[in-house]
Structure formats: C-alpha cells, structure tokens
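A.B. asks: Given next are the chains, with one letter for each unit.
Number of protein chains: 4
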Amino acid sequence: MNYREILTDIYETIKNEENKGQVTSFIPELSGVNPEHFGVFFKTVNNDEFGFGSFNDKFSIQSIAKVASLSLAYKILGKRMWKRIGVEPSGTAFNSLVQLEADKGIPRNPFINAGAIVVCDILISQLDNPQQDFLSFMRYISDNPSIKFSPKIAKSEKSTGFRNIALCNFIKSFGNIKNDSEEVLDFYFNLCSIEMSCREISNCFLFLANQGRKVSDNKQIINKSRTKRINAIMQTCGLYDESGEFTFKVGLPGKSGIGGGILAIHPNKHTIVVWSPKLNSKGNSYRGMKFLELFTTKTSSIF
Amino acid sequence: MNYREILTDIYETIKNEENKGQVTSFIPELSGVNPEHFGVFFKTVNNDEFGFGSFNDKFSIQSIAKVASLSLAYKILGKRMWKRIGVEPSGTAFNSLVQLEADKGIPRNPFINAGAIVVCDILISQLDNPQQDFLSFMRYISDNPSIKFSPKIAKSEKSTGFRNIALCNFIKSFGNIKNDSEEVLDFYFNLCSIEMSCREISNCFLFLANQGRKVSDNKQIINKSRTKRINAIMQTCGLYDESGEFTFKVGLPGKSGIGGGILAIHPNKHTIVVWSPKLNSKGNSYRGMKFLELFTTKTSSIF
Amino acid sequence: MNYREILTDIYETIKNEENKGQVTSFIPELSGVNPEHFGVFFKTVNNDEFGFGSFNDKFSIQSIAKVASLSLAYKILGKRMWKRIGVEPSGTAFNSLVQLEADKGIPRNPFINAGAIVVCDILISQLDNPQQDFLSFMRYISDNPSIKFSPKIAKSEKSTGFRNIALCNFIKSFGNIKNDSEEVLDFYFNLCSIEMSCREISNCFLFLANQGRKVSDNKQIINKSRTKRINAIMQTCGLYDESGEFTFKVGLPGKSGIGGGILAIHPNKHTIVVWSPKLNSKGNSYRGMKFLELFTTKTSSIF
Amino acid sequence: MNYREILTDIYETIKNEENKGQVTSFIPELSGVNPEHFGVFFKTVNNDEFGFGSFNDKFSIQSIAKVASLSLAYKILGKRMWKRIGVEPSGTAFNSLVQLEADKGIPRNPFINAGAIVVCDILISQLDNPQQDFLSFMRYISDNPSIKFSPKIAKSEKSTGFRNIALCNFIKSFGNIKNDSEEVLDFYFNLCSIEMSCREISNCFLFLANQGRKVSDNKQIINKSRTKRINAIMQTCGLYDESGEFTFKVGLPGKSGIGGGILAIHPNKHTIVVWSPKLNSKGNSYRGMKFLELFTTKTSSIF
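Chains as they are written, first to last, in this note's numbering: chain A, 10 to 312; chain B, 10 to 312; chain C, 10 to 312; chain D, 10 to 312.
I should point out that these hints are in silico values taken from the structure, not numbers from a laboratory.
Relax, there's no trap hidden among the hints.
Copies of one chain are not kept apart here, so a pair can be met inside one copy or by any two copies together.
Keeping only pairs whose Cα atoms sit at most 30 Å apart, straight-line, the calculated DSS-like set for lysine-lysine is:
#, residue 1, residue 2
1, Lys258, Lys113
2, Lys187, Lys161
3, Lys223, Lys258
4, Lys92, Lys29
5, Lys24, Lys88
6, Lys157, Lys223
7, Lys258, Lys278
Build out the structure end to end from the sequences listed, making use of the hints.
C.D. replies: Below, the structure written as structure tokens:
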C-alpha cells in the first residue's frame, strides 16, 4: 500500500468517527471557527504531495509559527541563544511560573510561551525591521509572498492575553527581556496571528525534513546541524505537556497550535500537516493526534 | 571514514582532554571507583562490533537496568501499565514530588525513580519469583547467564536510600504501590545493583535497535510497536533533567546511570555504550555525553 | 452576661444547627466514632470551670498532643531547637514537600507533621526512655496519671500512615532525622494516639494561659518567655492551612486535631476545648471552629 | 521602670550595636537614603507619646500603606471582600505565583503584593476618585492634611516594577482584576510612594489599637470586630515570609515596608513605629525587628 492509499484510508476512518474535544475559547476571534474542518497535507522531499479535505483553507497557525521564529533567531544568533532559553521540556503547565522563578527568568525551551516571547525579544534586538523582516523570512522559506499577520486575530489575542503580558513582565523582572514589553508582545501576538493552510505550512517547513535546504531551489536556509537540533526540540517540547505522549504515540518531531493545526516532520522524508479545530484537554487537536498516530503506525516513525 | 575509525578518533580525542565532574557520592560503595575508567562498546544489528578502553570491565549499571524492567513489565502488562505511570518528561528534579502530589501518585515516566519503583511493584504483582524471574529475563535477552545482583552495592544503596523509601511510601499513600514497601524497595535496590560491562550492556539492549528481536537468534522479545515506544520514552525521559539536552546534542534514545554508563540506541542500526564514572552536575557521565555528541555529529542521529 | 451564660447560649445555638462536615477517614480506627458527640470545657487560671455535653468523654487528641511534645522539647533544648525546625506558617498543604526540599529538610514549624516528627526525633535523642518520659511529662503537667497511649489507634495510624513514613524518610535524606526512622515514627504514632476528654485537655494545657506555671501548684513548667512563644506558634501555625482563618475569626492561639478537638488559649485568662468529630475541608472540627468564633465575638480575643 | 526609660534604654543599646543588612535596591529612588537613620515613635491610646532619633523625618512607608488601603476597602465592602482575597499566610515568597495559580487568582492575603493590588482594584471600583478619595481617608484618620503621594518615588517604582505588572496581569487572566491593569498599577505604585515620619504613622494607625476609634475625637473609623480582624491579619501576614518569626519574637500585630519602617500595634494599649533603612534578608528592617523584640521582652506582648 502506498502513502496515498494509507492517507486516504486513515482520513476516511477518522472522518467517520466521533469528533471530540473543544474549539479553543482562549482567543475570542478563533472560537467561531467551524469545528468540522478537517484537512491534511503531505509532502515529501521529492516533491510528492497529497491533500485531503480542507487542506487549502487558511486557519490560524498560532504556535506553529514559533518554529519559524526559532529558526530565524537560531540562524542569526547560533548557539549564543541558548544562554537565554533552554532546550528542556517543561514538565507540566502548572509549573511553568515556578520554573521561570527557579531558573531566574530563563524559559525552559523556545516553544512554551515564555520561550517564544524571549525569541521575539531576540529578533527585535537583531533585526532592523523586526516584524517585516520576519514576514520576509517566512515568505522566502515558503516561496509564498502572501503570508501576512492578521490584525483582527492579533487584536483579539491581545484583548485576553493577560497571562502572556504577565509572563513577559515576569521575565523582564529577571533581565531576560531587553526591549520594551509592549513591543515584544506586539510582535508575539502578530506572530501567532498568521493564517495559513495545511499545504502552505507543509511547504514552509519542508526544509526541516531536508537537512535545512529548501526543496524548491536547494538553497540552505539553516545548516544541517541546526536543522537536526530544531527537530530535536520539536520532539521533546513541541506539543506542550503532551510532548512525551506525542513522541510515544507518533514518534516524529512535531509542533501544534491551538488553532487546531499540527505539523510533523519525518527527517529526510516528508512533512505532514493536519488541521482539525477541536482540541483535547492538553490543547492539541483531537483528530490531529489521532491521525498522526495511525499514520506512523501504518508507515514508520523515527524510533 | 568508517565507524571504527570515527570511534577510534573520538575515543583518543576525549581521552586526551581533561576529565571533568565528580564520581557519585550518593552510594558509598560506588564512590571508590577509579574515575579514569573509560570504556566504549559499539555493536550493529549486523553484528559488527568494536570496543575501546575498559569496555570489558564490569561497573554498576544503576538506572540503565530500568530499561530492562520497563521492557519486561510492558511485555507482560501492555498498555494497561500506562494507567499507573505516565510517559511525559518530568521537567526538573525539583518538581518531582509536587508532580507526584498533583498527579495523585502517578509518576511522570518509568525512568524517574518514582516510576521505576512502580515498575518494580508491577513486576512483583505479576511474577511468581519476581527478582529471580527478572534476572532470568535479563540473562535471556543478553545470552548471558552470569548477570546477577550485587548484594554489596544493594546494601550500600539501602543504607542511604532514604529518599527512595520516601518516594515509595508517598506513592503508596496514593494507592499506587500495591505490595509491601520493603519488598518493592528491596527489588528496586537489587535492580540498580547489577554490574555489567559496556559490551554486555550493548548486547543486552541490542533488541531495541532491532525492532524488538534478539540479534543472536532473531527471537521477538517485545513487539515492534512497543519497541518503538520504549525508544520514544528513552528519547524524552532517559537522561533525567538533561533529556532535552541529550536529544538536542546527541539525537538518539538513551539511558544513563549514576555509575557513569550511558546506553544509546540508533533504531535499525546499532547500540553504543560509553562508561566513564565522573558525572556532570545533572548526574550524567561527563565523557559519555561528550563522546556521544561527537559521535552523532560525525555519523548521524535520528533527526 | 457571664461566661457560663455565654457558653451555655452558644452551646445550645450550635447544637440546634445542622452539623456539617465529615469524620476523618484517614485513620480507620477513628472513622467509627459517633459524629454527634459535642463537648466543651472551659477553665480559667483562677480555677473557674464549666463543661458542656460530652466534655468528660475521651477522644483521640491527635495533633493536639504536638503542643505537649513541643513544650517538652523546647524546655530541654531551648532555642537550639530552631536550628532544626522553623516557626513560619506553611502556606498550603500542597507545598509542604516542596518547602521541605527548598528548605533542605527543615520543617516550617513544629505543628505540621514534618515538624512534629522532628520533635519526636529530638526527644528520642534527649530522653533516656523517650516514650515513657514523655508520658510522665504529660501526666505531670495534667496532674493526671491515667494518660496513656492507645496501641489500637497507634496501630491503625501506622497501617495507613504511608505519607508520614515518606515525610520522615525524606527529612532523613537531608540529615535532619538522627535516629532510626522506625523508632521515630513509632513514637510519633503513639503520641497521636493519646485519648483524653475536653476537661483533661483543658487542664493539661492551662499552664500556657498561666505564663508557664501549673495552676494547681504554681510550679513553673516552662518559662514565661518560652510560653509566649509556644502560644505565638499556635497562633500562626496551629490549625493547618486554616491558621490564618482561625486567627482572623477566633483570634486566640489554638491547636486542632483530626479527632475533632480544638484547644484554644487566652493568655492570662483561660483555656477552652471543644470537641465535635465532623471536620471541615481543611481538617478542623466544623462545630469547634464555629463555637470558638462565636465565643470570642461575644467575649474577647487577644486582638 | 516606665515606658520612656525602657524605650530610651533599648534605643541606646541598639544604636551602639553594629547596624547590619542592606538598604533596598529594588527601587532606585530609595537606594540613596542614609542607612544610619534610626527613629522610633511610641503613642498610647491615652495620648502619651515619646519619640527617639529621626522620628520626625519622613521616609517612604511603602507596604505600611497597605494597612490603610485594606482598612478602607474593608470598611466599604465588608466581608464581601474575602471572596477576592484570602486571610492565610503565604508560606514562602517562592511559592506566591504557584499559589495564585492553584487558587485561581485569589491572593492569599491583602498584604502580599498580589493581594494589595486586588485591594487597589476594589477601591477603584468603589470610589469616585479613587486615588484622591484614598488620600482623603488617610488624611482624615491621621488628622494630617499634608499626606500625599510622591510622584518621584512612584515613577521610580514603576520603572523597575515588572514583577508587579506581571502579578497584576496574571491575576487579571483569572478575572480577579476588574479594571484596567495600568490604572490599578498606577494606584498601587502611588500608594506605596507615600512618605511619612514615625510620628505620623503612629498617629495614623492608632485607631487599630483603640478598637477602631480615632483617639483625637473618638470617631469610629471601622467597627470593633473588623478592627480585630485587621490586627489578626497583620499578626499572621504582616511581615512577608518572616511573619511567623515576628509573631514568635515580638508577639504583636505588625506591618513592615521595604523603606525600613515597621508599625506594631498593641491592641487597647499603643502603637509603636520604628524606622531604620537597612533590611535583613527577608526585607524587614534589621534594627526594627531587634528593637521590637527587645521592647516586648521588657514590656509585654499579646501572648
């Protein structure tokens, strides 16, 4: 059985099962999304690709954008960035603030909110026009000039983003935010507001499955060693408090967002992106988790 | 350059560098070991193998034995065991007790002490002669009838193992230890007391690089899916609070012990075991970490 | 209105209201007690005294005994004991283990279990026949030779006391338990097993309302300054996580036990003991809290 | 020996001893204060009063102002305010954020920063001109129209007050801040910026030693029962993580500020205010603690 058949099979199976969980209520603007959207896009480093369902519909990629901001910051700063952010999983959400306190403002990894906020701060210090330059980077790695922030979603996030404001100021109290909190958070909320389709996300991050090279023109975006390390962090930290479970069941580096998207990377092989807005209790797409578990069970994982 | 040359090269490089860290002082009996021991053993699923330095000297494998107890319990109980132990990394050591409390006595994963103690409890409930049956299992997967507990080391561990006694009774207060605490801890201390050489460890766990089959006779020890999952847990939880760092730098499933050994698995390829008793501040072998980082940088990781 | 009238009035009022809460289920032997017992005993330093309801019935005094063990240890060691135990409230129960870890095995105060266990350890080191000498002390301060341990209750506590075993060993792992854990816990469980009536408790601790002197013969049990300090610790730490609430509502130093007793001290005036087995969610007697709140509202507190 | 002699004696003793600790570095504007200032003011409910040293010099009262904001909020809201703030001590500073999380945004008590911020939020909701009305209240209870905010100090606090911004937004994320964070924090920073002398503070809070009545004109500021409860909260929570120690050593309700002031209340007797800018490791005035301990040892405490 080939990939297309396997994917078709799993897509149909899951589509016919009950769709559990809840659409996020954290961000007012996202709470109105149709919970029955279900899209999958698969693309290999040899340019084979298949899409299923709503794979061309744009949705709010939310934390998946943190893979791009990490890539850009790592490309610029190199290993110096690990003085300001760790690479360890965070245990439970519950402990995030304690750990920031115990670790004196050094977030555990770049994918928890605290870490992604520090990444924004790094980019602001390093780039001439931080938000515009970041967008240019995303457009370049995606061959997709249409990528843009969604002011409506960013505004919606800001209106209820008190915990992120708290995190940013808490880190700043330890000296690990160098720029103005408002500027850092403005970038952060914009970053999370980007809307892309499964196909676009899959294309955008295909370089992580291709040793750091863009598949379309073979240009090196980030070197091979750093590519492996970004994948490694996605493996241990990419799915919030469910990263261990995701590694256990799916066995691929991945990154989820509360918009219901999950990106998974099989190094040297392919990317696969699933989108279904209903989230499980850990904030990860219910159908996305299920789809990817079945997929690697029927094909292969890295373990 | 082939594996032998690469390994030789790295071995010589590290041997000539300063040997940092401290031999464990937790267990009196281990504190007297010669800190300059340095052994490496590498074995592929095709039976190629190379050893360097003290690779034939036995040392206390400590927590590495937890890979064997987990394998046996998982083989017997299957997924039912995940009702009693999680598969998430634990964040910091600091939080372990809080998390046990928040999670009502369910340890975060089978490799932290709390989880390994629950695995012992499971084996006691499931086996007729728990300790003897466990030894038989280890001897069988190793083709090595000489494996045995070290009463001297076990006694030494018990004499200072108050924190483990605390953990076991704390879990029991939540009802997640079913047998008598003393019996469970006696098994646990014995488990950790086993002494093996790099070569013996490498042989013993080669089935995890071979889809669950023993290389010597191709017999299935544990099925393919469970094998992948054990590797996945080693990836996210195998090196205490440094599991993220190990994934980031080395990129292979691994398990360390405070005796100074580290086992790493490259699925479908090989196992590699390094032993050097001096530990870094996280309790992992200083030279072991360094060796494996250089090794996967010059060869390949799974990411 | 005099004390007798006020007390009578409150007793009748509460007796006619619904009796809420749950009898403790922690200790099997206590769970069978009649939940409708309701006793009060009041005694002034001038030997005026009144009793209501079941004030002559013996019940398990549990943690109230910790006031006696603290008094004896403080009498012997003086301020040296504060190197091994603090005098700060513990915040929430939830944090007790974290705080023991952060404070390297120094319990926050002598009334949380951890602290009371260290007090037992101190007494074992200081006394020739620790348990017998402690009983003699209690009998002496009470003029009551009938006080004794209840082997049945102690055994019952031991059978489910896994958390206390955990605490004791956890503290021992930091070096702050000097004697054998089993001996310390045996003393601790015996201490908590003592059975006394409201009248007996009231007599026993009347010296704390009398500047450290026994009222019957004016003998100094513990000096005036230490007496004030024991009262101060009762004020901030005597009612578990509800110590602030008790200070706020009742305004007297107090100590509760999960047998449903509460002892309160009005320095220079009187002691009052209430017993009613149903506990609120914090583990303190529902009617006891209510009685004492009404009592100091109608009479006076120290604030 | 009368009060004047005792106070003179203690003042001289301490003045001649080494002055330990550090002036606060949290607030730039305060770090330049002369560390050798040392003032004491004592005033009874019968209008006897004595002052020593710099008792007429104004200093930044900081957290002592929280006693006034609590009094005003409690006067207005009554017991309804305990739905939004607790009355329990907080354990350690370390846990403050964990507890806010565990308690879903309900601060443990009105004297930790989190609680005082919620009190500001309550006053903003309840008062027409919150900041002005609060000043009027303080001037009224003090018979002192000169009390005012210090814009210079408030600005200085704001410039480094990232942790307070974090706290306020964290609480707001739980819904327990109703007004705009900036407005709440602006009030909070102003509140803490007030400058008063020992004499002025002593006069201002004398009503707490006088069953809620102003001594100058016998007007009831807050009723007797609430007065006792404010004193009770000062007893268990008034000196940060050293509240237990203060109760233990001094035995009076008290409130300290990082400007180096400590206010203590002896109900029905007097107030006493000590000011010396050098702080111990818990953030309380080194000489202030010492002075009050000697004072109650030579006179009396409430225990």
